[in-house]
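Asks: Residue numbers (our numbering), protein chains in the order written: chain A, 1 to 86; chain B, 1 to 610.
One or more hints might be untrue.
[What the hints assert, rightly or not] Pairwise CB distance ranges (calculated):
#1 B/A370 to A/E85: 41 to 49 Å
#2 B/V478 to A/I42: 25 to 33 Å
#3 A/M18 to B/W486: 37 to 45 Å
#4 A/F34 to B/G267: 22 to 30 Å
#5 A/F34 to B/P526: 37 to 45 Å
#6 B/L579 to A/T4: 48 to 56 Å
#7 A/I42 to B/L483: 50 to 58 Å
#8 A/F34 to B/P552: 38 to 46 Å
#9 B/V237 to A/E78: 23 to 31 Å
[Unchecked claim] Chain A regions said to be covered by chain B (calculated; three or more residues, Cβ under 8 Å):
#10 18 to 28
#11 34 to 41
#12 50 to 63
#13 70 to 82
No lab work stands behind these hints: they were computed from the structure. Beta carbons: idealized from backbone N, C-alpha and C, even for Gly.
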Amino acid sequence: MQSTPMAEEYWRRTRNLMWTTLVVWFVFGFLVHFFVGYLNEIVIFGFPLGFYMAAQGSLIVFVILIFWFSAKQNRIDEEHGMAEEE
Amino acid sequence: MRDAFIANLGRIYALYTGTFLVFVVVLAVLEQMGLPPTVIGYAFVILTIAVYAGIGILSRTAQVSEYYVAGRRVPALYNGMATAADWMSAASFIGMAGSLYAQGYDGLAFILGWTGGYVLVAVLIAPYLRKFGAYTVPDFLAARYGGNLARLIGVIILVCCSLVYLMGQLTGTGIIASRLLGVSVQVGIFLGLAGILVCSMLGGMRAVTWTQVAQYIVLIIAYLLPVVILSAQLTGVPLPQLMYGQVLQRITELEAANSGPGGYLEGIKAHVVAFNVRDPLNFFALILCLMVGTAALPHVIMRFFTTPSVREARKSVGWSLLFIFILYFTAPAYAAFAKLEVFENVLGRSLEDAGAIASLPSWIFSYGQAGLVKVCGEAAASADAVLAACQAAGVSTLDFANFSIHPDTVVIATPEIAGLPYVIAGLVAAGGLAAALSTADGLLLAIANALSHDVYYQMIDHTASTKRRLIVARILLVGVALLGAWMAIAAPAGILIFVSWAFSLAAAGLFPVLVLGVWWKRANTPGALAGMIAGFGMTAFYLVGTQYMGMPTWFGVSNISAGLFGIPVGFAVCWIVSLMTTPPSREMQAFIEALRVPRGGVMVADKHAD
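Taking the hints into account, I'd like the entire structure generated from these sequences.
Replies: Pasting the structure below:
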């Protein structure tokens, strides 16, 4: 199956989506929190931004990220005829 | 309980939620008419456990695929709720807000770590294992890595991680039941055990799934209600997650004004400032271990085997995290409201005479009697006890250094802090019980299924009939439950640290071979065996060495983040050994290619499936 160009293209796009998603995950799971000291200088609605990102902001990004990923991956499946039969 | 049941899920659970709310309101009315708190406590425990048990009995099954994967018919949304209940333990429900109270920003490592891992589950693991159609995680290891040796190592790692975790849940169940019913913790553990077994024994995964959905509904209502009311009282807006920003501001002001020499907050660590408790290395290492551990804990992964399709499995991870998020983004609000209450109404008060002490908020004494609140180093059982302890210590003003609360108190005491009737406190305890029971159910099933399916059926007697397999599965379930309860009773209190170790052990032992098994065709049997043993061994070595052998830590990394060393070792050893040995066969290459595309249905057929 992998030998057909269609299958190779399918796996290439799946892999790219995986890396994209993991980059976003890394940024919000780790990278932004390196800058907590600077971000805490900014206060929005009482929340120091650095604290907010760890307490809520990154979590919201994770939830949206997974739904976005799953919609995107479903589209890739369908475009390459790899989706499940109904 | 056939497809009509699936079609009517929304109506059934809406009715259930409505009935539960009516039940709470009725109890509240009865309380006003003079129903004593003990009866309310009993009503909550008995009625909720009876409902869970009823669901368990209605969901009984004689089919193997129903028993192991709920017939693969659980819609994404409901699997999300079940996963959220499966995931959120007594520690999340009761303990986490208290950790945030004590640690401020640095406690948020748990919030980030226990949510971000779901991104890894969705992207790297769950859809592919669902496509394979495994009953258990070791099933997949056996198929991908040449048979029963990989299966056996997988089972050993699974049992090590899940059993200590199960023990923690049983202890949690015992503590909550004992507080609610006034029985001893040991009796509480066995009461909880009975509830867990009735839910899971007859219907396996199918029963656990529908019970966990019911438990999620109870626990999320119980978690949100007190803090929503408290937020409305203090800020006028019933959205604690939004309004605690103002509370944080107030906390920061009070800290700045009173933390100087002689101030009642002298020596306090600022709540919103990072890296007071953990240095950056430990903060990020803990996040990494918790995230990777989430993606490797078998009781979480196996929940995604129950969805009708690969597509639903992916979406279901999103729902799971959304339902978890609702609790986790509320926990810091609990911590902030509790801290403000302590700063404004408790600390800085005079301890000169019994009259002044007696005017402290009443929750201090209610929880002081249970030893959860300590003033001047002694349990704050009464105004006289506090006076005696503080006079002995020579303390005349209650300050930060002389006041401590047990982490569990923050969530439990909030109803009383808000001045709510006892029925709300009973509701919170029922929520904590639901959280502990649902996680214990999932863990118990993960262990018992690995023993009955992987060890008994796949390794000992592959010709066993359906009936025999299910009998063995149920006997093992009861056996594991009793073992867990015995360990929970026999174990010293400090053993709860094992729970956080489970994450590092799973992360290092299972994550590398699961991920490489899907994403790297070149990973082969010797590589995987070596990788599992090396990753798990490295982590266990660091844990045991630093905890018991007096081994110095490496780079100051605390042993709850032992996976920081084990995870890279697991990946590296699997990679190097795979490259040094022969590549997987052509058949294995085809197997991996089929694994990677959703089309084509599950890849394993169970000859005794029905």
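Asks: None of the hints should be skipped; say for each whether it holds.
Replies: Hints, one by one, checked against the model:
1. B/A370 to A/E85: 41 to 49 Å: violated (58 Å)
2. B/V478 to A/I42: 25 to 33 Å: Violated - the Cβ-Cβ distance for B/V478 and A/I42, about 56 Å, lies outside 25 to 33 Å.
3. A/M18 to B/W486: 37 to 45 Å: Cβ of A/M18 to Cβ of B/W486: about 44 Å, so the range 37 to 45 Å holds.
4. A/F34 to B/G267: 22 to 30 Å: With a Cβ separation near 28 Å, A/F34 and B/G267 satisfy 22 to 30 Å, so the hint holds.
5. A/F34 to B/P526: 37 to 45 Å: holds (39 Å)
6. B/L579 to A/T4: 48 to 56 Å: For A/T4 against B/L579, whose Cβ atoms are near 27 Å apart, the range 48 to 56 Å is violated.
7. A/I42 to B/L483: 50 to 58 Å: holds (52 Å)
8. A/F34 to B/P552: 38 to 46 Å: This hint is violated: roughly 27 Å between Cβ atoms.
9. B/V237 to A/E78: 23 to 31 Å: Since the Cβ atoms of B/V237 and A/E78 sit about 44 Å apart, the hinted range of 23 to 31 Å is violated.
10. 18 to 28: holds (count 5)
11. 34 to 41: holds (count 4)
12. 50 to 63: Held - the stretch 50 to 63 of chain A has 11 residues with a Cβ nearer than 8 Å to chain B, which meets the minimum of three.
13. 70 to 82: That given contact holds, which follows from 6 residues of the stretch 70 to 82 of chain A lying within Cβ reach (below 8 Å) of chain B.
Taken one by one, the earlier hints fail for this structure at numbers 1, 2, 6, 8 and 9, listed in ascending order.
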